[in-house]
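Chains as they are written, first to last, in the working numbering: chain D, 1 to 273; chain H, 274 to 546; chain S, 547 to 819; chain W, 820 to 1092.
If you are wondering where the hints come from, they were derived from the structure by calculation, not from laboratory data.
It should be emphasised that the depicted structure is a prediction, and the values quoted were computed from it without experimental measurement.
Errors might be hidden in some of the hints.
Quick list of the computed label-pair ranges, beta carbon to beta carbon [to be verified]:
#1 W:869 to D:20: 46 to 56 Å
#2 H:394 to S:817: 42 to 52 Å
#3 H:354 to W:929: 40 to 50 Å
#4 S:623 to H:349: 29 to 39 Å
#5 W:896 to D:270: 51 to 61 Å
#6 W:1040 to D:214: 29 to 39 Å
#7 D:270 to H:327: 29 to 39 Å
#8 D:270 to H:394: 34 to 44 Å
#9 H:369 to D:28: 56 to 66 Å
#10 S:764 to H:354: 15 to 25 Å
Even glycine gets a Cβ: it sits at the ideal position worked out from N, Cα and C.
Number of protein chains: 4
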Amino acid sequence: MRILFIGDVVGRSGRSIVLERLPGLIGDWSLDFVVVNGENAAGGFGITELIYHDLLAAGADAVTLGNHSWDQREALVFIDRAERLVRPVNYPPGTPGRGAALLEARNGARVLVTNAMGRVFMEPLDDPFAAVERELAACPLRDAADAVVVDFHAETTSEKQAMGHFLDGKASLVVGTHTHAPTADHQILPHGTAFQSDVGMTGDYNSVIGMAKDEPLNRFLRRIPGSRFEPAAGPATLCGLAVETDDRTGLAVRVAAVRIGGVLEPAVPAFWS
Amino acid sequence: MRILFIGDVVGRSGRSIVLERLPGLIGDWSLDFVVVNGENAAGGFGITELIYHDLLAAGADAVTLGNHSWDQREALVFIDRAERLVRPVNYPPGTPGRGAALLEARNGARVLVTNAMGRVFMEPLDDPFAAVERELAACPLRDAADAVVVDFHAETTSEKQAMGHFLDGKASLVVGTHTHAPTADHQILPHGTAFQSDVGMTGDYNSVIGMAKDEPLNRFLRRIPGSRFEPAAGPATLCGLAVETDDRTGLAVRVAAVRIGGVLEPAVPAFWS
Amino acid sequence: MRILFIGDVVGRSGRSIVLERLPGLIGDWSLDFVVVNGENAAGGFGITELIYHDLLAAGADAVTLGNHSWDQREALVFIDRAERLVRPVNYPPGTPGRGAALLEARNGARVLVTNAMGRVFMEPLDDPFAAVERELAACPLRDAADAVVVDFHAETTSEKQAMGHFLDGKASLVVGTHTHAPTADHQILPHGTAFQSDVGMTGDYNSVIGMAKDEPLNRFLRRIPGSRFEPAAGPATLCGLAVETDDRTGLAVRVAAVRIGGVLEPAVPAFWS
Amino acid sequence: MRILFIGDVVGRSGRSIVLERLPGLIGDWSLDFVVVNGENAAGGFGITELIYHDLLAAGADAVTLGNHSWDQREALVFIDRAERLVRPVNYPPGTPGRGAALLEARNGARVLVTNAMGRVFMEPLDDPFAAVERELAACPLRDAADAVVVDFHAETTSEKQAMGHFLDGKASLVVGTHTHAPTADHQILPHGTAFQSDVGMTGDYNSVIGMAKDEPLNRFLRRIPGSRFEPAAGPATLCGLAVETDDRTGLAVRVAAVRIGGVLEPAVPAFWS
Ligand SMILES: [Fe+2]
Ligand SMILES: [Fe+2]
Ligand SMILES: [Fe+2]
Ligand SMILES: [Fe+2]
Ligand SMILES: [Fe+2]
Ligand SMILES: [Fe+2]
Ligand SMILES: [Fe+2]
Ligand SMILES: [Fe+2]
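Taking the hints into account, I'd like the entire structure generated from these sequences.
Structure representation (structure tokens):
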């Protein structure tokens, strides 16, 4: 089974490349399932229902979120009817939406998608390790799901790598999101889970984490806000992780970085080309 | 001019690959200058004088540090006689050692090496932007240095990318260290500075940031320390950034990721092979 | 019913004043129940079994903890046989010891004592509001307990005041601990719960949070550890909160600060003298 | 010389009690100099020029700020003509306004007022210890100033107590602000400086740090903003520190807490009544 995970889509630049390129990639690479992190899709802050549907229309099978989940307050409402929108599972009980979804892939397979938020240098939430463990226990790989995709939205490498090892052998892939820089440490962990500390954003990399440079620089230098953050408007790099799983075990057999467009060094999975 | 920057060497595993491979790389790639971040070289925590000299003997022209600078307390003493050891420049006045050094490269060129520590999610220090700006003003690229290497030891992508753009055109390369995961966002910024958000560690990537997995996992799950952190003992990946500069401008003309050994996908600069 | 809560006992100086003065106060003020926060009782870091028994012998009916619970590793073991030792309830499931205890007071009343840890600028734990709410639901004031004492070990005023209002009418008293400075904002909240943002430490206030001044100052000025922290050895101030509850409702009718000895302005409850 | 320092004035409730009571206190207590922290005076967030002038008209001789200095953006402009408005001295060079001011007291004495921001759990700024030391070196007590008032706006007790001891003997008073809860640890340090870890806010203490309770509670419980923070509208407690200095040494000879109005236990300096 062929899965593509696309990292935090930032603003118009990020959305454009997804809408333009994803349909072709699905065809070219015979993708079975696509997950897109959409927490920054709306002007860099949150997601709207319109954008959510645009991402689905382009071929996303699931959209995940993060600390920016509710920046567009309409998300608190439409998430309850957005069955493919998955917010961090470790928000308090009663939070709108769902922290995990079992979805059907193009090939008919059942894919569990879950999203959790880290706690180191992030806002205080309940234990993401325990929360994800509960979701995977309720819908175990092979028994109840043919593939399990975990988006761990976290700041530090240590918490993300710990989650990777914690789930090694129980998830098809565990990817980090949130730092907006793709890491080159994608690998298949010893027990068969594909892992990458951070998928990176899908946005303009001539920027500061996807935002036009001036205001972030101003804040670092002067410590006083000068204006609002605006997404950088240059061409985006679509950043993702390509994972091929063994249909029998649900575990990863091949993993490769995807970087298309923009200023970063291009990368595509050689094994699908 | 050919510069190689090698990221945070972690423990014996990290040191071994540097000592084994660096001499050959210097020859094969005709390297003019090599910088190694050594803040985790001694058992994962700090650096000893012996290790410092081992790194020099293997071909390092400069060794940089970070938040672990003083974990081996002998560093507070020997740093004053270690002319190629550069600690973060934004420690308080009176801190032992130096925050910048002008060193001679193999080709006779003058290379300014400076190291600074970020402040977001790090300990409180004085402004790294102002501190680095002062060093570069005192020893400007082209006038007083043929190349300028900046190691920005910081946690967040945003602070590191902001530093890159802040110094764009004034430094030959600005690399991040500290997260221990290499980013795949190496690029030459618009004004000619080579940049990578994080070079990654030189250590065993079947680990949690270079440490044997059990204790980090225990702490995330149980929140109570069980034992000391120990470096992972598996084969290391040497992670680095290869930069070729224009001798006339001191700015970057080529940049490529280096990953040799261990579990990560290999990478070498095609333009030097 | 008369309850005295004594804040974080720091080292020998703090222990001495508790051992010397508490027996007399129990007699003079006809105290029914005494809670002592003991997280810093052993040299400033954690608690030993011996010290725990000394505090009980001096008249403590319960001893609470905090982020320093396990600094003396023996606490992980003896806590399971220390029925009056209460650690933060929001540690992960499986943590040794108990997060709440229903104990008998001198007057035969049943007192629920619970301890929770805040999350703002503290280590990441599960939601203290939900955790304490569960404990109080399982053992409600009036139905199952004649008094309810909540020690909320937290850094910020905002989180502590929020907890006070959250439990207002459901607990006899909610007191903050951890900052080591007594606040003068003790009051009875609108629905009858006695509250104080922080009880303050019981230790030497000619210090930095109970520690001898030199090393804390050294670290603020030089950012490099010079030596270990040692408790300040001067005379301690016993800091506490005196609460009188209505036996019928279990809610507070009188509240006063207690400060005895050392360099702080003395305070005793006028209504008990 | 008689100095009154009034802590963070929060919103209309806080302003009202200052405007109503300060003129009388100045007369009753024969105050020579009054400092008011005004960082939350405008609806809880920042200060306007109008409010600044209202505070002066009520008798403030100086107004200090903190992390909310610029919440009302007009402050970036009017501060340059507001000679008695003092913002944290450790903002970057080039920040509008001043970090210290030498002002004339009612009795003709020269009073140096400075304000600094802590760095623990606050935004990253340059070293407040070094910055305040420079100001006091440029205008030393006795030589160039008859009294020195330091407002250290910081989160943790440890950083504030460290600053107190650091300046002990060099300032007339060092007071903490920012936590919005008055501490009862006011004292004269061994070398003559009056100190209080936090003066507390001047606002409604039936609140969460001066804000109406509902929204802070909502955010702690649900982790999703529901509405804006609004200052609590109940009667305020004016919180302050009263310090009498020796005219010969400029050091403190008497210190007492001031709490007037609202729900807190009242306190006035016995030595002035
Ligand atoms: Fe993001
Ligand atoms: Fe994020
Ligand atoms: Fe490191
Ligand atoms: Fe580091
Ligand atoms: Fe404590
Ligand atoms: Fe504590
Ligand atoms: Fe503040
Ligand atoms: Fe404030």
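Looking back at the numbered hints, which does the structure fail to meet, lowest number first?
Those not satisfied: there are none.
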